[in-house]
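Chain by chain, the residues run as shown.
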Amino acid sequence: MSLIPLAAIIAVLPLLFPSAYYYRVAALVFIFAIASLGLNLLMGFAGQVSLGHAGFMGVGAYAVSIGPSHLGIPSLFSFVLGATVSALVAFIVGRLVLRLKGHYLAIATLGFGLLLAIVFANEATWTGGPDGMTVPRFTMLNWPIRGAETWYWISAVSFLLGAVLAFNLIDSPTGRALRAIHDSEIAARVLGVDVAQKKLTIFVVSAVYASVAGSYLAALNGHITPDVSGFLRSIELVTMVVLGGMGSIAGSLVGSALIVILPQALTFFHDYEHVALGLIAMSVMIFLPGGIVPSLAVAIGGGRRK
Amino acid sequence: MAEFLQFVFSGLTVGAIYALVAIGFTLIYNASDVVNFAQGEFVMLGGLITVFLGYAGVPLLLASVFAIFATSAVGFALYYFAIRTARGANAVSLIIITIGASIFLRGAAEIIFDKRFHSLPPVFDSAPIRIGGAAILPQSLVVLAGAVIIVMLLWVFIGRTLFGKAVIATSANRVAAQLVGIDTRVIVGACFALSAAIGAIAGILVTPITLASYNAGTLLALKGFAAVMLGGIGSGMGAMVGGILLGLLEAFAAGYVSARYKDAVAFLVILAILFAMPEGLFGKAKVERV
Chain A
8 MSLIPLAAII AVLPLLFPSA YYYRVAALVF IFAIASLGLN LLMGFAGQVS LGHAGFMGVG
68 AYAVSIGPSH LGIPSLFSFV LGATVSALVA FIVGRLVLRL KGHYLAIATL GFGLLLAIVF
128 ANEATWTGGP DGMTVPRFTM LNWPIRGAET WYWISAVSFL LGAVLAFNLI DSPTGRALRA
188 IHDSEIAARV LGVDVAQKKL TIFVVSAVYA SVAGSYLAAL NGHITPDVSG FLRSIELVTM
248 VVLGGMGSIA GSLVGSALIV ILPQALTFFH DYEHVALGLI AMSVMIFLPG GIVPSLAVAI
308 GGGRRK
Chain B
329 MAEFLQFVFS GLTVGAIYAL VAIGFTLIYN ASDVVNFAQG EFVMLGGLIT VFLGYAGVPL
389 LLASVFAIFA TSAVGFALYY FAIRTARGAN AVSLIIITIG ASIFLRGAAE IIFDKRFHSL
449 PPVFDSAPIR IGGAAILPQS LVVLAGAVII VMLLWVFIGR TLFGKAVIAT SANRVAAQLV
509 GIDTRVIVGA CFALSAAIGA IAGILVTPIT LASYNAGTLL ALKGFAAVML GGIGSGMGAM
569 VGGILLGLLE AFAAGYVSAR YKDAVAFLVI LAILFAMPEG LFGKAKVERV
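Here the protein sequences come in this chain order: A and B.
So for the first sequence, the numbering used here puts the first residue at 8; every next one is plus one.
So for the second sequence, the numbering used here puts the first residue at 329; every next one is plus one.
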């Protein structure tokens, strides 16, 4: 589908990069696109909001830092371990909070994210406390990964894989059940959908996406602080999803690209980052509730879809 | 015993602030069904505007009055420009809008003011009062008295004035209220402004004790919400009791368990309430219509 042109863009894009800095920014775009793609599965397809998703990014980020430095676990294995722990945490937390709806769910997930950030800031012997810690060089089977260029390829290919997975998931019975839940939970239940189990599945999947993104982010930056799992990071992810378009896989990439690139490109955005983030979140919901990609698709496609 | 009493005093003081945040939440929720995530920012704005006007040489009483009015204007603007424009948006959209407003206000405060902690001189500059071996700051009594006065004024205002009756009518049934000639937009806008004013007063009262900073709002909002859930969503009485209870729980957790994890108490309370008794202490069970 739309993945072949995307793969082509990923392959050609580096030809336009004048310096390593561009690789870094592009890698960041794909890393956040992975996390927002996961969140989009939850928000856009299943209709469940999470204001604490950066918590899972934090789990992934601290896994690839603490694993090699404190526990002597190789990076690659720590990375997998981080994703597993995220899935497990999501499973437990999800079982508790996913029966909530609307603002109850929003508050519960917000609190969960804050709680994780508090843990990361307080357990200084493991995490270095509020000042954060240095992330050991990520080694993949004795191959130390260096430079933004390599991370560009890794994150771009991972995003592609994530998108393939997401497309397959949406087209599966689980995907159809999720969309039914989004439209009406009661109707879905009447049709025999195991609502609680389906929601939990997608919550766990989206947590794994966030965890993977968190691990990459930590490895790319070489240093992490509890901010990686902070409230603002969670809101950044939500803004990426709604800006690009809820329920649009391409939208996740567009939303992440805008939120990552704007502060780099315009100093105005850099200085007024939070003001801009808040304004974007508010204005999109008020004036463009569908988000950029779906709205464009409707504008271009004309009367093709309803 | 002295230790226990000390925790009670500090719990009551922060509890009074949580109660005021919770009442602000309840006011807006009852009038408009919106859960306002920017409620904590009102508290932050009240404190910081007063502090910075004070730095500029404005007498503190005047600065406080101005801060309360300025914050109400922000609350009204939030309704007028964001909530009203997005009429008919679903719950998730409204959550994102008020979260956006919260980040926006926090970012604006970071630019207009600064990132440091600020304090105000207490109303009564005297030594802590000693009761049974524990000490209580005079300012804590001011906070408690302020909270009680605000709640009583609000109670009289809602229960005894025509405007208050219109608020009750709007929260009971918006369409019916419109049919009897109430302009519900004015009512909801006024509730946003009033709720912001209550938040600002809470911020001014508590700044001498807890200090004010641009990023204090998020945690306050979470705790205010926990207080609301504890008391039962939509109940004014519940907001008050829930706030005080949460403050006490937090103080005991900080004192007897772990001071570093006291902020986790609010979240655990939310979870416990949601599972044990979702309607809270004073709330009514809600029947969901299909």
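Among these hints, one or two may not hold up.
[Said to hold, decoys possible] Partial pick of chain B residues on the chain A-facing surface, computed with a CB cut under 10 Å: (1) A398; (2) Y408; (3) F409; (4) A414; (5) L576; (6) A594.
[Unchecked claim] Label pairs and their calculated CB-CB ranges: (7) B:M605 x A:R153: 51 to 59 Å; (8) B:D442 x A:L103: 52 to 60 Å; (9) B:M480 x A:H77: 53 to 61 Å; (10) A:F84 x B:R513: 54 to 62 Å; (11) A:L265 x B:R513: 29 to 37 Å; (12) B:V393 x A:L273: 32 to 40 Å; (13) B:A455 x A:G229: 45 to 53 Å; (14) A:I307 x B:W483: 51 to 59 Å; (15) B:D511 x A:L23: 42 to 50 Å; (16) B:R513 x A:A306: 30 to 38 Å; (17) B:R513 x A:R186: 31 to 39 Å.
[Unchecked claim] Chain B regions said to be covered by chain A (calculated; three or more residues, Cβ under 8 Å): (18) 432–444; (19) 500–513; (20) 579–593; (21) 596–605.
I should point out that these hints are in silico values taken from the structure, not numbers from a laboratory.
Cβ atoms here follow ideal geometry from the backbone N, Cα and C, with glycine treated the same way.
Results for each hint:
no. : hint                        : in the structure
1   : A398                        : violated (17 Å)
2   : Y408                        : violated (12 Å)
3   : F409                        : holds (8 Å)
4   : A414                        : holds (5 Å)
5   : L576                        : violated (19 Å)
6   : A594                        : holds (7 Å)
7   : B:M605 x A:R153: 51 to 59 Å : holds (55 Å)
8   : B:D442 x A:L103: 52 to 60 Å : violated (39 Å)
9   : B:M480 x A:H77: 53 to 61 Å  : holds (55 Å)
10  : A:F84 x B:R513: 54 to 62 Å  : holds (59 Å)
11  : A:L265 x B:R513: 29 to 37 Å : holds (33 Å)
12  : B:V393 x A:L273: 32 to 40 Å : holds (39 Å)
13  : B:A455 x A:G229: 45 to 53 Å : holds (51 Å)
14  : A:I307 x B:W483: 51 to 59 Å : holds (56 Å)
15  : B:D511 x A:L23: 42 to 50 Å  : violated (57 Å)
16  : B:R513 x A:A306: 30 to 38 Å : holds (32 Å)
17  : B:R513 x A:R186: 31 to 39 Å : holds (35 Å)
18  : 432–444                     : holds (count 7)
19  : 500–513                     : violated (count 0)
20  : 579–593                     : holds (count 4)
21  : 596–605                     : holds (count 4)
Hints 1, 2, 5, 8, 15 and 19 from the list above are not met by this structure, while the remaining hints are.
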